[in-house]
Amino acid sequence: MKKFYFKLSRQSFAVLLGLFCATPLLAQTGKTVTGTVKELQVPLVGVMVKEEGTDNSTFTDDNGQYSLTLQHDDAKLIFEQLDFPIREEEVLNRSVINVSFTKEDDEIQLKDVVINAGYYAVKDKERTGSIARVTAKEIENQPVNSVLDALQGRVPGLEITPTSGNSGSGYKVRIRGQNSIAAGNDPLYIIDGVPFSTTSLGSTALGGVILPGGNSNPLNTMDPQSIESIEVLKDADATAIYGSRGANGVLLITTKKGKTGKTAFTADASTTIITHGIFPTLLNTNQYLEMRREAFANDKITTYPTNAFDVNGTWDQNRFTDWQKEFIGKATTANTLRFSVSGGTEQTSFILGNTLVKENAVYQGDFKYTKLGFFSTLNHQSIDHKFNLRLSVQYSLDRNFLPTTDLTRSAITLAPNAPSLYNDDGSLNWANNSWSNPIAALRSTYRNETTNLNTNAVISYQLLNGVTIKTNLGYQRTDFDEFQSNPNTMRNPAFGSTSAASNILKSENYQNGWIIEPQIDFNYKLGKGKVSATAGATLTEQEKEQNSLLASGFASNHLMNNIRSATTISYLKETSSQYRYAALYARINYQYKDRYILNLTGRRDGSSRFGPNHRFANFGAVGAAWIFSKENFLRDVSWLSFGKLRGSYGVTGNDQIGDYQFQDTFTIAQGGYDNLLVLYPTRLQNPNYSWEKNKKLEVALEVGLIHNRLDMEIAYYRNRSSNQLISYKLPTTTGFTSIISNLGAVVQNSGMEITFSAIPIQHGLVKWTTSTQLSLPQNKLKSFEGLDKTPYINDYVIGESLYIRKLYDYQGIDSTTGLFQFKDYNQDGQITSIEDRKVSVDLSPQFIGSWQNSLVYKQWTMDFLFQFVKKKGYNEFYSFGTPGMMSNFPVAVLDRWQKPGDKDKKFQRYTTGVDSKALQAYNNFLSSTGVIEDASYIRLKTIAISYRLPIKELNGLIYIQGQNLWTLTKMKGVDPETERTFLPTTKRIVIGGKIEF
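What the sequence shown shows, in numbering that gives the first Met the number 0, is residues 0 to 996, in sequence order.
One should not assume that every hint holds.
[Unchecked claim] Think about it this way: if two alpha-carbon atoms lie no more than 27 Å apart in a straight line, the pair counts; the simulated BS3-like pairs of lysine-lysine are:
hint : residue 1 : residue 2
1    : 837       : 822
2    : 993       : 905
3    : 986       : 367
4    : 329       : 969
5    : 951       : 256
6    : 805       : 329
7    : 694       : 788
8    : 805       : 572
9    : 822       : 122
10   : 766       : 781
11   : 529       : 124
12   : 629       : 527
13   : 822       : 694
14   : 857       : 871
15   : 869       : 905
Just so you know, these hints were derived from the structure itself, not from any lab.
Generate the whole structure from the sequences, applying the supplied hints.
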């Protein structure tokens, strides 16, 4: 087997290091421009003043003053400050240029904001691709501990769904839908230039019952408040420069950097009240016992069985407990402390910050989530502004202590007259062995600990006017350790269990990676236009290792933390993998008369995830824009402030298929003949499969009206992903069930994205800004050759969405038998899965949107965001068993069939479980359209009210914030966002204060 690797010799490394780190020997001098930057006559500190097209820049001092020696005679100065859009000033023959930022500038210069496009930066008005931006201000107004929570509802086309309300849970993230049937669909995350892997290292065996799928997103460890901005790259023009890594979109996260001026200290402290508010309305004791007795009567059982403790008199039939309130209904709290210090000179600036979060879990006991984070950034430039250095470090540690089991399901299914949880002496109540006390599950605990280190260095040097070389160096490592403890005390002591039956599961995992990206940038004026070009290379490597074991048989539970004390140790998993990737990339951008823009990007990728026959592939895109508002025939149109048409087309790839998939693989296992080790094959090789390809098309219109007080952007996109990597079914005689291969399936994602923003009121001390976003996505399996030969024949239909579910057609209740009825498509008198599950229900959103507002009056500010989604989903009955059995149910089951002739009832006749026809009918019901409802909702996602203290010596702020405080939906008893029997989405109210001095 040929090895795929990259080697950088010591000599080459020395040359590169010398090029990028050499102290400049020649300093080119020119005209010096000075001036003062103010806001309403108040000097602004830390405003960046930059000569356009170069790295020549400086910052204003404590008096708002600056001095900059120019490198070009026909220079243009860029003034950039966080709270305002940038300003541009032609130097001409001036040596003093004073700038005053005013609130009125907001509606004039919104399109001049510079956004991060990854390998380059571009003004918003000049971008040819689809790039959305979320700023630090938007993030800071949200009471969230996760970066992904902060993005919900703020970017059209970006869908983020949490898997659980438990802290530290995972997320499902999609940018413009699902592109791949079987390969990965996650976007690429870049933090300060370093790829960040969000692949969960968690194990289903250890954490899968408390965290869905055992998934915990490593990005949870990052503090959202350390972020300066997040750019979301969506179309081919924006993502093709990332090649296969950007096939599913890119999220660029930029952390905060220091500002020049005197050293500033910032402290932020807050307390959060957390509740869980969406619960189904369940049967009370009288209703529950009525259901149970009727079920026995329907089954013609006159004497209650000895194990029917709820109705045979063993349990108190006058007792009632709201188990939802008891198990998961208590309010809990979280406390957050943040500190930062920043400052510096014109040449060197810095910022240091740290975060401490402690959040108590909703369950009984000392369960909690804690997070400690640290970040720092150092920026330095030489006196002649040719040499620039940026160093950034983020380190974070989080610890999650939870019960092994999420009690949400027990809370909604436990009989309302079940016994008390505790005896009078505080011990667990086993009620004479009549039940399994659900609170005992809390003695089985789950812990995980995540550490993240992300470091980055960007070194650049201007060789000539308009020519800059730089390199991006980065390293990222994630360690994830899990520990599950199952002591014998979680079981009923009547069974005689001892510590010998206690066991623990332990998992130690890590993944790390490095990246080296040398790059050269060119910027030249060419007649009435200007050309900018970028060329570079990427070398990266990622390693992952996962180990887990089971230890059992302890002399005492006090020794369970010491694996050596176990009598039996079994290794469950021991894997390691390596991923290597190399690429060359280039970009050329040409602007003519500042109104006609052409952007070309290309990349050649090489990935170790493919065999030698298809290891390399080429990707690229073309983007174009026409700023028609600058045309002479529109210059006198006073109401048109800005207008642009843009479009793009390109091809990206996808290699999210896991490592070593093209090779024969084997697994070593214990327990063979005579207890010998066994080596058996697990995968059949296929060295000929190749990259998935995603062809992306987009056209868009951007318009600004009435001095940009009204802005609108409408975009249409169509992405077609082909050459799908799918498990192809094999004959059993081969010894394998399937093999990964490229099949002729095409998945299409298309839709419209509409963004509208306005400033309805701006007068004196009052300002109101509002914006609305709407996404209309459509997912479709356009073609699939040989669908009938794949395992997906019963899951997908050509011409329909990948999100469909094939279900029985629910026809109501037979008024004679009292059983659920379903359409018999083949008229054979039986309801069977293959022949009669013919109704396709699309569970993907029909539209997703949000409405965001900001109101300012004097020192008061209020921001709020409503999120709205139109979709179908599973209703509250999907999570319950057959009505009549020993389990609680939603009150809607009371509307049931009781006698022949009953019509228009919602539920069939009750049964205790002995009526096989009723059981089969109910099982079919759970796989029918009867459990599908309108899951649309409108949610007050975030609200923030703040007051800035009128103290000149102290920049102080007090605030109250809320998240998920109100939801309007037709769906009963289920969180319409998650639709799971895990802990639902939390409501949060935060009270805090912030000072800067």
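Hints, one by one, checked against the model:
no.: 1; hint: 837 / 822; result: holds (9 Å)
no.: 2; hint: 993 / 905; result: violated (54 Å)
no.: 3; hint: 986 / 367; result: holds (17 Å)
no.: 4; hint: 329 / 969; result: holds (25 Å)
no.: 5; hint: 951 / 256; result: holds (24 Å)
no.: 6; hint: 805 / 329; result: violated (39 Å)
no.: 7; hint: 694 / 788; result: holds (26 Å)
no.: 8; hint: 805 / 572; result: violated (35 Å)
no.: 9; hint: 822 / 122; result: violated (58 Å)
no.: 10; hint: 766 / 781; result: violated (48 Å)
no.: 11; hint: 529 / 124; result: holds (16 Å)
no.: 12; hint: 629 / 527; result: holds (14 Å)
no.: 13; hint: 822 / 694; result: violated (40 Å)
no.: 14; hint: 857 / 871; result: violated (44 Å)
no.: 15; hint: 869 / 905; result: holds (25 Å)
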